[in-house]
Amino acid sequence: MAMQMLPPDWPGNFWAHWGIFTVIILVFILVSVLMFIWFERRAMAVMQARLGPNRAGPFGLFQSAADALKVMIKEDIVPARADKVIHWLAPVVAFVPVMMVFAVVPFQGGALLADLNIGILYIVAISSVTTLGIFMAGWASNNKYSLLGAMRQVASVVSYEIPVVLSLVGVILLTGSLSLQQIVQAQEIPFILVQPLGFLLFFTGALAEINRAPFDLTEADSELVAGYFIEYSGMKFGLFFLAEYAEALVVSALVTTLFLGGWRGPLLPDWLWFLVKVGAVFFVIVWIRTTVPRVRIDQLMALAWKFLFPLALINLLVTAVEILVWPDVSLWLLVPINFAVMIVLVLLWSKLFKLGWGRVNV
Amino acid sequence: MTTKEVTIQTEPFVVNIGPAHPSTHGVFRMRTTLDGEVIVNMEPIFGYLHRGIEKLAEERTYGGCIPLTDRLDYLASMSNNMAYCLAVEKLAGIPVPLRAEYIRVIMAELQRIASHLIAVGAFLNDCGAFMTPIVYMIREREKILDLFDMVCGQRLTYNYMRVGGVSQDLPAEFIPALRKFLKEMPGWINEYDRLLKQNEILLARAKGVGILPRELAINISASGPVLRASGVEWDLRRADPYSIYDRFEFDIPTGSAGDCYDRYRVRVEEMRQSLRILEQALKGLPEGEVRSEVPHLIRPPVGEAYGHIEAPRGELGFYLVSDGSIAPYRFHVRAPTLINLTALNDMMKGWKVADLILIFGSIDICLAEVDR
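Top line first, the protein sequences correspond to chains H and P.
Quick note: the first sequence uses this note's numbering, first residue 1195, plus one each step.
Quick note: the second sequence uses this note's numbering, first residue 490, plus one each step.
Please note: incorrect hints may appear among the correct ones.
From the structure, some residues in chain P lie toward chain H, with a derived Cβ separation under 10 Å [as the list claims (entries may be wrong)]:
1. Glu500
2. Val503
3. Phe619
Computed list of lysine-lysine pairs in DSSO-like fashion (alpha-carbon distance at most 30 Å, straight line) [claimed, not checked]:
4. Lys838/P - Lys1338/H
5. Lys686/P - Lys1545/H
6. Lys632/P - Lys838/P
Note that these hints are calculated values from the structure, not bench results.
Bear in mind that the values here come from a model prediction, so they are computed numbers and not experimental data.
Each residue gets a CB set at the ideal place from its N, CA and C atoms; glycine is no exception.
For reference, chain P alone in the conformation it holds in the complex (with noise of 0.2 Å):
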C-alpha cells in the first residue's frame, strides 16, 4: 500500500479591524494579515478622527487655542489644559500664582486617576471581563468627573485653565469632596486588585504578551506608563519638574517585564501615588489669586518655546512658534499615544488575534489625540 503525501495549501488573509469595530478605541483602523489565528503582519490606518486641529490653531488667539486642546485627548482634558498653558506661559514669560500651580497639580492627578481607570477598565474589558471591571472603574470616574464639574460646569472638555493660572477658584464644596474622595478610593483600588490582579486567566492572557522591549521603547521614544512598564523609570515630574512637581513626595511605578500585565499594573500603582500627590497637594493649597494678571490678546515675543507634561498617556508636549502677533505661528502637538503606537506592529508580530486587542488596549491611545 502506497502513502500519498497531502498538504493542505494555506495562505494568510487579511482582516480589516477597524475602524468600526468595538475594541479599537475609537476609530482606528488595523490592517491585519492573519495566518489562521496568527499575526503575520498588522499596518495601521489611521487619520479618520483628523479635524486638523494644529492648523485651526494657527487661525487663533492664545487663549482661544485652548478650547481645542480639550478635543485633542478627550479623556485627560485638564492635561491637555496643563501642558498647552506652560507652553504658553513659557513663550511669553507669564508667571502663575501659586495657589493657581497647586490647583492645576490638583486638577492634573484627579485626571490621571480618570484617564488610568478608564484605561484599565477598557483593557480588562478587553481581556474579556465582561463589562464588569469598565462599569466598576466608570462609577469612581463619576465621582471625579462631579469634581471636576463644580470647579468648571463641564464633565468632558472643562476648558479650565487659562494662560496665567486657571479660570476660576475652587467652590467651597470642593475641599470636602475632594477629601472624601481620597478617603474613599484606596479602598476602590484596592478591591480591583483583590478582584482581578492575581486572576489565573489574566495572568495567562496577559502575562509575557505583547513585550516591549527596555532598548526599543526608548528608541522610539515611548512615554507614560508604556515605557515605564519596560523599566525605565522616566517620568517627566521628576525628570524635568515642571509647575511645583519638585514640592511633592512620589514614587515611579516600574514594571520589568514590559509586557500588557506590567502595563496594567504600572497603571493602577500610579493611582495609587497620584492620591499620594493629591493628599500632599491638599494640605499645601494656599491662599491667593489664582490668575495673574495677563492682557486680554497675548502677543508674546517672536521666539518658540515647547512646554511638556507628563499626560496620563505619556509625555504630552505644546511646540509654540510666535511671529510676535496674536496667533501662533505654529503648534504642533507632541501626541503621546500616536509615538507609542509605533511600536504596534513589533509587539503583535506572532501573537493571536485575541492578543492583538489586548496588546493594543494596554497601549490606551485615545483616537482624538492620534489624528487631531
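Only chain H is shown next, with the shape it has when bound in the complex (with noise of 0.2 Å):
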C-alpha cells in the first residue's frame, strides 16, 4: 500500500499542506503548553488549598509568557567542566521529538500532517528519541545528581517501552490500522470501554515515560533536587521544561486518539472534542501529580516487569483470541468481558506480587 501522505479530502497541494501543518502544529504546542503550565499551577493550587499564580492577566493567564519571556533573557550558564557540545545538543534533542510526534495526531477527521499508515510505530519510535536527550543532558553537565536523573530515566524507559507498546497492540489489532485517523475512525465506542486494561497499561506506562508523578523519579526535586536538567539555565532549560510539558500533551493526546474516540463526539466541532479530552486527561494527570508519593527506583522496576509486562501479554493474547474467534462481533459484546478480564487480573496481581522493597546488604 502507497503512503497516503493527503487525505483525500484537504484541498491543496503538498507543500501548502505541510506549511500549514507545520505551523499549526508548532504554534499548538507552544500555545498549549503555555496553557496547561498555567492550568497544571491552578489546578494544583485549588486541590492543594492555595491560590496558585493569579497576578499576571486575569486569573494569571499570563504568568506563563512571564515566566517564558523570563527564561529567554536569562543567562546561559555552561558548567566549566562539561561536555559543551553535547550540553548544548541535549535540549534540542530531547524537544524536537516530541514535535515530530504530533505530525501524525488527528485533530479533526483528516487536519493533520501526515496520515502515516505506521502511525503508532511512528511515534512509538520517535518518542524515545527523547530519552537520548535527557540521558546526554545527564551526561555532558557532570554532575553527579544529573547523571543519576538520567540513569533513572533509561532504565524507566527501556522498562516501560515494552508494556506501553504492548498495550498498543491491543487497539491495533481491534481495528487492523496503525494509522491513528483510521483508528479513530473505527471507534464507534471509545476503546475505553473495549480495551480498560490495555488503557490502564498505556496511562500508566506512559506517565512512567514521560516522568510525571507517581514515576518522577528523573526529577524527583525531593531527592535529586531537579535531575538531568540541574545545570541547565536560560533558554536550555526552557527548553526541556517545554519538552517535558509537551511530553505530556503527547500522552494526553495519545490517550484521546487512541481511547477516547479522538475528535469524535456530539454537538461540538471535532477540533474542539479534541482539545476538550486532551484538557481532561491531562486533568487527570495533574491530580494523579497530587496525590499520591513517588516510588523508588527498584519498584519501578518491579512494576514494569511484574505488574505490566505480564498484564499486557494477557491483554494481547484476550484481544487476539476475541478477534480470531468472533471476527464480526459487536464492539459493545466485548466491553463486559474486557472489563470482567481487567478486574479479575488487577485483582489477581495485586494480591500475587509486592512493590519491591529491599535493602542491599554492603
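Combine both chains into one complex, guided by the hints.
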C-alpha cells in the first residue's frame, strides 16, 4: 500500500499542506504548553488549598508567558567542566522528537500533517529519542545528580517501552490499522471501554515514560533536586521544560486518540472535542501528581516487569483470541468481557505480587 | 567460538547531599558514598548553623537566656522555653502557680501538634507526595500559630514562658479559639489518614525501610517518636512526670517495627493524644496568678540542675551549673535530634538514595537544635 501523505478531502497541494500544518503544530504545542503550565499550577493550587498564580493577567493567565519571557532573557550558564557540544545539543534532541510526534496526531477528521499508515510505530520510535537527549544532558552536565537522574530515565524508558507498546497492540488488533486517523474512525465506542486494561497499562506506562508523578524519579525534586537539567539555565532549561510539558501533551493526545475516540463527539465541533478531551486527560495527570507519593527506582522496575508486562501480554492474548473467535462481533459485546478480565487480572496481580522493597547488603 | 568474560569495572562514588539541598531540612550535609543508587556509607557533617548558643548563654542572666532557647528548635520554641524554665526553677527552687502550669501544658501540647504537623508533612513531602500533605498540614499549623499569636504576639520565637510562670495571662479570646480548634482538629487528622495512611505507594516506600532496632535505639539513647516507634514505651511525661503531667490521662503510642512508617504513625497518634491532654487541661484550668514573685536578677545557689521535658522531638534537657552569680556558669543543652541522628548511618546503609531522604525525614530533625 502506498504511503498516502494527503488526506483525500484536504484541498491544496502537498507543500501548502505541509507548511500550514507545521505552523499549526508549532503554535498548538507552544500555546497549549503555556496553557498547560498555567492550568497545572492553578489546578494544583486549588487541590492544595493555595491560590496559585493569579497576578499576571486575568486569573494569572499570562504567568507562563511572563515566565517564558524571563527564561529567554536569562543568562545561559555552562558548567566549566561540561561537555560543551553535547550540553548544547541535548535540549534540542530532547525537544524536537516531541514536536515530530504531532505530525501524525489528527486534530479532527483529515486535519493532520501526515496520515502515515505506520502512525503508531512512528510515534513509538520517535518519542523514545527524547530519552537520548535526557541522557546526553545528564552525562554532559558533569554533575552526579544529573547522572543519577539520567540513569533512572534510561532504565525506566527501557523497561516501560515494552508494556506501553504491547498495550497499544490491542488497539491495533481491533482496528487492523496503525494509522491514527483510521483508529479514530474505527471507534464507534471509545476504546477505553473495549480495551480498559490496555488503557490502564498504557496510561501508567506513559506516565513513567514522561516522568510524571508518581514516577517522576528522573527529576525527583526531593531527592535529586532537579535531576538531569540541574545544570541548565536560560532557554536551554526552557527547552527541557517545554519538552516535558509537550510530552504530557503528547500522552494526553495519544490517550485521546487511541482510547477516548479522538475528535469524535456529539454537538461540539470536532477540533473542540479533541481539545476538551486532551485537557481532561491532562487534568487527570495533574490530579495524580497532587495525590500520590513517588515510587523508588527498584519499585519502578518491579512495576514494569512484574505487573505491566505480564498484564500487557495477557491483554494482547485475550484481545487476539476474541478477534480470532468472533471476527464480526459487535464491540459492545466485548465491553463487559474485557472489563471482567481487567478486574480479575488486576485483583489477582495485586494479591500475588507486592512492590518490592529491599535492602542491599553492603 | 570462544566467549570472552567481560567484567564491567565499577566503583563507588561520593555525592555530597547538602548542605544546600531541598530535603535536608536546613543545612545538614551527608557525604554519601554510593554504589549506583545504593548507599555504601554515609558521613554526616553538621555545624553549618552553629551560633554558639551555649557559650552566649553564659554571658546572660537567667531570665535573659529564654530568648536564646527560642532559637534552638524553632519549630518547638514553647517546649524549649518550658524545659529551660523548669531547669532554672529546679536550680533556684522557684515555685510556679498552678494556672501557669496549666497554661504551660496547653502551650507545650499545642506546640507538639504544630511541630508534628510539620514533621509529618515534611516526611510525606520527602516521599514525593508533591506539596499536598505539607500544605494541608501547614494550614492547620497556622491555626496553632494564631493561638500563639494571641497569647504572646509572636508566631515563631515566642519567648512566652518566664522563670516562675508565664509572661502574661491568656487573653479573653484565647479560650473560645482553642475550643474551636479542639473541635476541628480531630477531623483534620482523620482527613490526613484517609488521604495517605493506607496509600499503596507510601506503604511500599516507608514500611520496613530504615529500621532502627529496639536495642540500638536504647543504646544510642534515642528518644521521642524515634524511640517509641522502635517499640519502647518511654515518654518522660509518664516516666518522670514534670510539671503537672501526672494529672492527665493519655496513651503512649508505640510502633513495633521501628521503620519509617511507624515513626510517621507514632507522630500522628501523638497528635491525637495531645488533643486529649489539651481537652483535660482546658477543663481543669484554674483561676489565679500566672507568675510567682521572682527577683529581676535570679541568683541561684551554687549547684547544678537538670531539667528535662518530652519535647516533640524527644527528651530535651537543659543542664545548668550555677556559681551563685546572675548568669549560668555552664549551660548545656541535651538536644534530642542530635542524639537521634547518631543512628543515621546504621539505618541508611544498603538502602537507596530515595530512602536516604525518607529515613532522614522520618527522624525529623531541626538543624538549629543540632548545631546550636
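Okay, the hints, checked on the actual structure:
{"no.": "1", "hint": "Glu500", "verdict": "violated (13 Å)"}
{"no.": "2", "hint": "Val503", "verdict": "holds (8 Å)"}
{"no.": "3", "hint": "Phe619", "verdict": "holds (6 Å)"}
{"no.": "4", "hint": "Lys838/P - Lys1338/H", "verdict": "holds (19 Å)"}
{"no.": "5", "hint": "Lys686/P - Lys1545/H", "verdict": "holds (19 Å)"}
{"no.": "6", "hint": "Lys632/P - Lys838/P", "verdict": "violated (39 Å)"}
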